[in-house]
Amino acid sequence: MTAIIQCRALTKRFGSKLALNQVSFTLGTGSGEADDLDSPLRGATALVGPNGAGKTTLFNILANYQQPSSGDITLLGHAPGASALLGRVSSLPQDALLDPAFTIGQQLTFYAKLQGYTSHGAQLETDRVLALVNLSEVLALRPTSLSHGMKKRIAIAQALIGSPQLVLLDEPTAGLDPASARQIRALIADLSEQAHFIISSHNLSELEQLCDTVLLLEQGVMSQQQIGHASDNLVQHLNLQLVTPADNEVVALLNKLPGLISLNNQQKNRLVMSYNGQEQPRFDRLLLDCLYQHGIDYRQLVKGKSLEQQLFD
Amino acid sequence: MSVPSTLPSRPQTITIIWLICQFELVRVALTKRGLMLVIAFAISWLLLLKYPIYQAAAILSNPNYFNDFFLFSQTINLEYLLAWPYPELAIYWLIAAFVFPLTSVLFASDQLASDHNRGTLRFIALRASRNQLLFGRFLAQLIIVFSGIVLTLGATMLMALIRDPSSLLAATNQLVLIGANLFVLCLPFIALMSLFNCIFVSARLSVMATVIVIPLLSSLISLAALGSPGLSSLLIILPGQQLTSLVQADAMSSLNSAIVPLAQTVCYLVLAQQIFARRAL
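Residue numbers (this note's numbering), protein chains in the order written: chain A, 5 to 317; chain F, 54 to 334.
Looking at chain F on its own, in the form it has when it is part of the complex (with noise of 0.2 Å):
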C-alpha cells in the first residue's frame, strides 16, 4: 500500500481562511448560480453606466430634468450633488449606495446553506474549524462585492474621464471616498447574510428573510417610535438604517458615521460564530 509521500505540518489559521476564501472566489466562475449572478449583474450595470450614468453630465446641469429623474429628491436633499467635479460620480454614487447592498445580499446568500445542507460541510469540517469556515467565506464575499464596486467605480471614471479629462486630481480623492463608503455600506449586509446562512436551511430562505425581516422590523420600530420617540434607536441593529441620511450627506461626513455600519458587522458575525459553533454540521 502506498503511504503519503510527505507529511505535512499544519497549517495556520489565516492560510486556511486563504484557502477557503480562494476557493469559494473559483466557485463564482464555476457554478451556474455564481455565473448567472455575475452575469445579472454585469448587464445591470452596463444598463446603468450607458443611460443614468452616461447622460449624469446633462441631468445635473439642469435642475429640473434632476428633480424628474429623481423623484425622491424633493424628500431628500440631494443638492450636495451637484457640486461634484464629475456628475457621472454623482449619480453613480447615488445609483450604487442603493444597489450595492442588495447586490451583497445576492451573492452573499449562500456561504454555507447549500453545503450544510448536502453535508459538504463535513468533509471541511474535519480539517478546518468552523470559525477558520465562516470567516473564510464571509472574506470571499467581501472579496467579490469589492471587486465588483472597483469595476463599476472604475467604468464610471473612465467615462468621467473620456467626457472630460480635466479634472482627474479633484476626482481622485472623491473616488476612494466614495469606494470605502460603498464598501462599509455593504459589509453588515454580507455579515448579515453569515447569521442568516446558520440560521436558514437555504439561500432562498435567507434571502427572504433579509427581504422581509429588515423592512418589517423597521416598520415596527418606526410604529413604536410613535408612541415613545426613545425606541427609535433601535433601528441601529438593522442594516442600511444610515443609507438615506448617508446619499444626503457627501462622502467625506459619511465616512465618518461608518462606525454604525462597522459595529453591524461585528456583532452580526459575533452572532454568526456563537450559532454557528453549536449548529449539527
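For reference, chain A alone in the conformation it holds in the complex (with noise of 0.2 Å):
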C-alpha cells in the first residue's frame, strides 16, 4: 500500500539536542488500496505536541527543507524533493516571507508558472487564490505593506497554487484575527474534499473541527490516534457544559444517575462524565431528563472526549 505519507525511525539532530528520536508512523489514504493516491486525497491530520517537541523540524523534512540525520521517509510514495513531489506537495513554512522587491501578483504569478501555467493561467490562478484567502486587493502591493496577518494569508494563497495533493499548514491561523481564522478553517474544511491536510496547531478546538487524525510529538517522539474515537466501548464520556457553575447540590444530583462511573467538575460549568455505555445506552437522554426536571440550564452536550481529554487527561 502507497502512503500518504511513511517515516521509519527519522532522527534529527541539531549538535547534541535531538529534535526527533527514532519518530515511525504512516498516514495512510484510510482505505488501504494500493491505488488510492492517483484519486484525489482528502482529509485532515492534526500534528500537535508541546513547544520545542520537534513539529516545526517533521514539517521541514516532509517539504524537503531540511534532511534527516538518518531514517527513511516517503510522501505520496517518494522521498522528500523528488521531481514527482514538485507542485503535488505544497507548504505554509513558518516566518517565511515573500521577496519585497516583488508584488505579490509577481510572485504568486511567478509560483504558478513553475508548477506549468501559461503567463496567462497564472494571472488567473493568482486571481483564484487571493481570492480563496480574500485578499483579492493586494495584487499589485509589495509584502511590506500587508500586515502580519495579511502574510499569513497571502503565503496559504501561495501553497494553495494549483491542485497540490498534500498540503502542509504550519500554525495557519497563528496571528490571525478571529474572522480571517474563522475564514481560513472553512477554506481548509472545504478543500480538504481534495486534497489531504497535515495541520501543525496549539488550538485544540480547531483541530478538533478540520481533522480526523492526530499525531502527537512529544519530546521526539510520535504517537498516533483518531479524533473522536472512544478508545473503549464500554466506557463512554458527554462533556456538558453548564450555563451557571456547578454546585455541591447539582453535582449530587447527577452522581445519582444510573451507569455513572465518574464525573471530573475541575472547570466550574464544565462536567466530564464517563458512564457505562453498555448498561445505559441513553444515558445522554437520562441526563438531559434530569437537567430539565430540576430547571439546570446547559450551554453545550457534546458526546465523546474532547481532543484536549484525548490528549492530556
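Hints are computed from structural coordinates only; laboratory data are not their basis.
Don't take every hint at face value.
Okay, the calculated bits of chain F under chain A, using three or more residues with CB under 8 Å as the criterion [unchecked claim]:
1. 69-76
2. 177-184
3. 189-201
Beta carbons are placed, not taken as given, at the ideal position from N, Cα and C, and that holds for glycine.
The two chains are supplied separately, each in an independent frame; assemble them into the complex guided by the hints.
Pasting the structure below:
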C-alpha cells in the first residue's frame, strides 16, 4: 500500500540536541487500496505537541527544507524533494516571507508558472488563490505593505496554487484575527475534500473541527490516534457545559444518574461524565431529563472526549 | 469554492531554469540594490570611456605616455597592445580584464543569500528543484555580466569607429575574441559567488570572503611555493590567477588557455550544488 506519508526511524539532531528521536508512523489513505493516490486525497491530520517537540522540524523534513540525520521518509511514495513531488506537495512554512522587491501578484504568478501554467493561466490562478483567502485587492502591493495576518494569508494562498495533493500547514491561523482565522478554517475544511492537509497548531479546538487523525509529538517521539474515537466501547463520555457553575447540589444530583462511572468538574461549569455505555446506552437522554426536571440550564452537551481530554487526560 | 481552471503539466527542467533566470533579470531593475549597481556600473564606465579609452590613440602613440599611464607596464609586457588596429580596444581590454571580475563579484554576490535568510527560497523550492534554482540564478548572473561586456565593448568600438572607420574589418575578429575572453574570465568569479552563497549567510559576507580569501590563499600558496616550487600549481584553484598572463598575451592565445577558468567554473558549481543540496532552507 502506498501511504501519504511513511516515516521509519526518523532522527534529526542539531548538534547535541535531539529534535526527532526514531520517529516512525504511517499516514495512510484510509481505505488501504494501493491505487488510492491516483484519486484525490482528502481529509486532514493534526500534528500536535508542546513547544520544542519537533513539529516544525518534522514539517521542514517533509517539505525537504531540512535533511534528516537518519531514517527513511516518503511522501506519496517518493522521497522528499523528488521531482515527482514538485507541485504535488505544498507547504505553509513557518516564518517564511515573500520577496519585498516584487508585488504579491508578480510572485504568485511566478510560482504558478513554475508549476506549469502559461502566463495568462498563471495570472488567473493568482487571482483565484487570492480570492480564496479574500485578499484580491493586494495583487499589486508589495509584501512590506501588508500586516502580519495578511502575509500569513498570502503564504496560505501560495500553498493552494494548482492542485496540491498534500498540503502542510504550520500554524495556519496563528496571529490571525478571529474572522480571518474562521475563514481559513472554512477554507481548509472545504479544500480537504480535494487534498490531504497536515496541520500543526496549538489550537486544539480548531484541530478538532478540521482533522480526523492526530499525530502527537512529544520529546521527539510520535504517537497516533483517531480524533473522537472512543478507546473503550464500554466506557463512554459526555462533556456538559452548564450556564452557571455546578454547585454541590447539582453534582450530587448528577452523581445519582444510573450508569455513571465518574464525574469530573475541575472547571467550574464544565463537567466530564464517564458512564457505562452497555448498561445505560441512553445515558444522554437520562441526563437531559434530569437537567430539565430540576431546571438546570445548560449551554452545550458533547458526546465523546474532546481532543484536549484525549491527549492530556 | 473555485477550482483551478486547467491543471498544467509539469514543465521541463530547462523551462524552470529559464523562468528562474528571467525573474532574477527583472530583479536587477526592481530592487534598490540592483539599480544602485547598474547606476554605479554605468557611471564608472562612462568615466572610463570618456577619459582613458577616449584618449587611447594619444596614449598608445607615445611610448613614454603609455609607460606613465600604465605604471605596471614596466613589470609586465604590454607591448603587443601597440600593434592593435584600434588603441581604444587595447585600452578597453587592459581595463576590462581587471574591472569585470570585480563587477561580476558585486553583481553575483546575492544569488541566494537574501532569499535564504528571508525564507523565500522555501516557496520556490516547492516548485523547483534546488539544482534548477542554483543554475537558474547562475544563468541570470551570466546574462547580466555578458550584457555588461557587450554594452561596454560596443560603446568602445563605436568611439573607435567615430575616430577612424577604416579598420572595422580588422577589428571585428578582435572584438569577438576580447568579448569571449572577458566572459570566460568572469565565469569562475560568478560560480565562486554561487558557491559562497551556499556557504555564507549574506551577500556581504560572500563579497568579503572573496576579497579576503582569494588574496590570502594566493599569498599563502606563493609563500609556500618559495620553499617547494611545486606548490605554486595550487594557484590554479583560485579564479583570476591567469589575469596577469592574460593581459600580457593577445586575445587569441588567451582564449586557448580558457580551459583553466572553465574547469574552475565547473568545480565551483559542482561544489555549490553538493552543498546546496544538503543545506537547510
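Problem - Unmet hints by their number, sorted upward, for this structure - result: Structure breaks hint 3 only.
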